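Respectively, the protein sequence lines represent chains W and F.
For the first sequence, my numbering gives the first residue as 1, with consecutive numbering after it.
For the second sequence, my numbering gives the first residue as 1, with consecutive numbering after it.
Treat the hints with caution; some may be incorrect.
[Claimed, not checked] Beta-carbon label-pair distances, calculated as ranges: (1) 127(F) to 36(W): 52 to 58 Å; (2) 62(F) to 171(W): 37 to 43 Å; (3) 147(F) to 105(W): 30 to 36 Å; (4) 169(W) to 71(F): 37 to 43 Å.
[As the list claims (entries may be wrong)] Facing chain W, a subset of chain F residues (Cβ under 10 Å, in silico): (5) 3; (6) 59; (7) 67; (8) 111; (9) 113; (10) 114; (11) 124; (12) 161; (13) 164.
If you're looking for bench data, these hints aren't it; they were derived computationally from the structure.
Source: prediction; values computed, not measured.
Here a beta-carbon is modelled for each residue, glycine too, at the ideal position from N, C-alpha and C.
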Amino acid sequence: MTERVAIVGGGLGGLVAYATLRHLGVDDVTVFGTDIDPAAVWRERAAAIRQRFMRSESDGHVAPASFPGLAVRAALRSGSPGPLLRSVADRYHPPVEDFLAHVGEVRERTAWDDALVRARVARVVAVDDGFDLDGRGVFRHVLIAPGHPGLARPDELERDPRAVHAYEPHEYAEDVEVVGAGMAAATEWLNALDAGSTVTSVRRREPERRPLNLPRTLFSRRGLVGFHRAPRAERIGLLRRYSAPSYPPGRQWDEPLERAADEGRFRVAPELNGAGQVICATGFKRGFRHDPLLARLVGEHELETAEDWIVLAPDSTVPTLTDPRRTLALAGVPAQWAFPAADTLAGMKYAARRFAAKVVACPTR
Amino acid sequence: MSYTLRGRLESRVAAATLTLVLAVALAAPQRTWWPVELAALMTVVGLVLDAEVYHRLLPYQPGWVALPLGALELALVVTAARALGIAAPLGPALALFGAGWLVAQLLGHAALPRLRLSYAADGGELGRAGPALAVGVLVVFACSGGVAWAQRPPTVHLAAGVHQGPLVIDRSERLVGETGAVVRGGIVIRSDDVTVRNVTVLGGDDGIDVTGANGVVLDGVTISGARLDGIHVRDSSVTIRDCAVDSLGNRWAQGIDISFSMARAPSTVEGCSVVGGREGIVVHTTHAMLLRNRVSRTSSYGISLTEMSMGGIASNDVHGAQGVAIYCGDNSECEIDDNVVTGTEPGADWNGYGILVHYNSHATVRGNRLVSSPGGIKALANAQIETKRE
Chain W
1 MTERVAIVGG
11 GLGGLVAYAT
21 LRHLGVDDVT
31 VFGTDIDPAA
41 VWRERAAAIR
51 QRFMRSESDG
61 HVAPASFPGL
71 AVRAALRSGS
81 PGPLLRSVAD
91 RYHPPVEDFL
101 AHVGEVRERT
111 AWDDALVRAR
121 VARVVAVDDG
131 FDLDGRGVFR
141 HVLIAPGHPG
151 LARPDELERD
161 PRAVHAYEPH
171 EYAEDVEVVG
181 AGMAAATEWL
191 NALDAGSTVT
201 SVRRREPERR
211 PLNLPRTLFS
221 RRGLVGFHRA
231 PRAERIGLLR
241 RYSAPSYPPG
251 RQWDEPLERA
261 ADEGRFRVAP
271 ELNGAGQVIC
281 ATGFKRGFRH
291 DPLLARLVGE
301 HELETAEDWI
311 VLAPDSTVPT
321 LTDPRRTLAL
331 AGVPAQWAFP
341 AADTLAGMKY
351 AARRFAAKVV
361 ACPTR
Chain F
1 MSYTLRGRLE
11 SRVAAATLTL
21 VLAVALAAPQ
31 RTWWPVELAA
41 LMTVVGLVLD
51 AEVYHRLLPY
61 QPGWVALPLG
71 ALELALVVTA
81 ARALGIAAPL
91 GPALALFGAG
101 WLVAQLLGHA
111 ALPRLRLSYA
121 ADGGELGRAG
131 PALAVGVLVV
141 FACSGGVAWA
151 QRPPTVHLAA
161 GVHQGPLVID
171 RSERLVGETG
181 AVVRGGIVIR
191 SDDVTVRNVT
201 VLGGDDGIDV
211 TGANGVVLDG
221 VTISGARLDG
231 IHVRDSSVTI
241 RDCAVDSLGN
251 RWAQGIDISF
261 SMARAPSTVE
271 GCSVVGGREG
281 IVVHTTHAML
291 LRNRVSRTSS
301 YGISLTEMSM
311 GGIASNDVHG
321 AQGVAIYCGD
331 NSECEIDDNV
341 VTGTEPGADW
351 NGYGILVHYN
361 SHATVRGNRL
371 VSSPGGIKAL
381 ANAQIETKRE
């Protein structure tokens, strides 16, 4: 028997898609994931880098509709227009605890726990009128939201006992080297300085300073139309450029670093210098080949790829496996071919809304 | 938010739809068209700015930018409304603009993102609803225009020759005289939105009598031989342009008398020639502007703004008044600018004042030229004159 809708991945991308489907009246959704808490992985990583505020702005939440965002909710809760005013100036960054509480609310409101099947799906195979999920059933519409395929470490630090990844739980030694130049690295510089460490930023180029990872136009059709029309090589170049590490401009970053530099506690070096602790703020592994499920999907169905990316339609679906009666879509970081900021909450919503639209429009529903 | 061009236009049209509904709701009971005209103007100005300015200059538009853009649009709409002669009262017009702006913000930031989940990612586009909305707005504007056209006052052409009056107009209409059209015995106007153009009036108690009417226009009328006033206005709002009133031989007549109309919209008398009578142009308890008129040979006051009136007397030419050429009296507020007063003579009551401000009145005075007016400029009986710099 062909069931209707499945989401492979029980993280935030899966929750966003599930909540969107429920919002649009699609109730028979099965979610496959390994942890009952959709924020489990994100929570651990945020705690590891002592993240207190979201980088994303008001729309960085998991509710299906953009409005009301977290700024509106905070304003209503506090009775103060402050969050709204900061939001209209793109200066509202919700506290992490607010975000996690909101995830909990959505989880409860949408009965997420009832829809979740605790299982890891290792294989997705196209069959007549749907997709077989590792022998756990055939579903007509499937969204794969697998998350990042693992933490990236420089090869030379792979077996170094001094090394810890920024997204793994850790404390700070007296003398710390932080490898990387993105948001996690900048956060770790400040964390280690706060802990009293002497910090060396190991990097080979100056980090980019951008409010968000990508130009804002790429979050809407305004920028996406040009991106989707770009030739393959240009598109690959754009995705590589957008993946360059960056962190936001602002005094809250610059002043502590300048102060520490004056005290001789912060410096920049191009190479490791033998410090007692090395923190790899080097982000995640990139490319579908690092994800066994996706690598197998591509191999077994001969999907079109472009270097690290699976080639997707602009609506995040896999073109050769999607037709009016069935849908296979990707969400999260593997969906960057359709939406460069796919690994953000806005990106997860982009894929979720288009997937949900396909499900709702399906003539066999 | 990063709007696409189509998204900007469709979002604008969506907001215009609600503003238009509000405008129609305002216009319908009052049978006045300025709300619909203003809503159309707001929409057109917004669409032009969207297409020609915002889309090019604002690839990304943070929420706060709506405030300065709203101020810019307000300035452009006010300017365009004045240029196009849309007769919108300032307070309600600002309220309609403000409501339209607020509707646009609520739609763009709250309602549309809730109704259409991909609204922001689609750059403000509304999918299939967008063109439908545009057609709907066009239809409503077209229907409104059609209704307005259909409700225009009918035009009655008055043939050349003498027509026996008094001619009573008790419905909204435009009475247009052909060359040589004469009404003997006066015209009586008792309806709003009446226009009388190019008609000569002979005799009658009053040449033209307007009572209890709004939006009356007297354009190019010629009046002589009335037993009382040339043009007699009570509790009305009138625009009188390029008229000629002859009250010679009637020492007690008023050329143009507009009185007890403070509750109405301001009246205007502009470009008229008034000769003879006791007072040339007189205003009691009314808000009025008296501009570029020529008044001569009156037996008491040339131009008089009195009895708690407010208004301006500017660029008039007053010649040969007996008593006072320009009078601001009895608790009135006047601005008296750039008038030319010549040959004022002492009369029965007053000693040939060029400009007299009297009895608790206040006048600002600037740029007037007085020739052969022995009383000069004077304030009497607790009145005040404020002389403005050139």
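Hints and how they fare:
1. 127(F) to 36(W): 52 to 58 Å: violated (37 Å)
2. 62(F) to 171(W): 37 to 43 Å: holds (39 Å)
3. 147(F) to 105(W): 30 to 36 Å: Once the Cβ atoms are compared, 51 Å apart, the range 30 to 36 Å for residue 105(W) and residue 147(F) is violated.
4. 169(W) to 71(F): 37 to 43 Å: violated (52 Å)
5. 3: With Cβ-Cβ at 6 Å, under 10 Å, it holds.
6. 59: This interface hint holds because 5 Å falls under the 10 Å limit.
7. 67: holds (9 Å)
8. 111: holds (8 Å)
9. 113: holds (4 Å)
10. 114: Residue 114(F) check passes; min Cβ-Cβ to chain W is 5 Å, inside 10 Å.
11. 124: holds (8 Å)
12. 161: violated (69 Å)
13. 164: violated (70 Å)
In this structure, the earlier hints numbered 1, 3, 4, 12 and 13 are contradicted, and the remaining ones agree with it.
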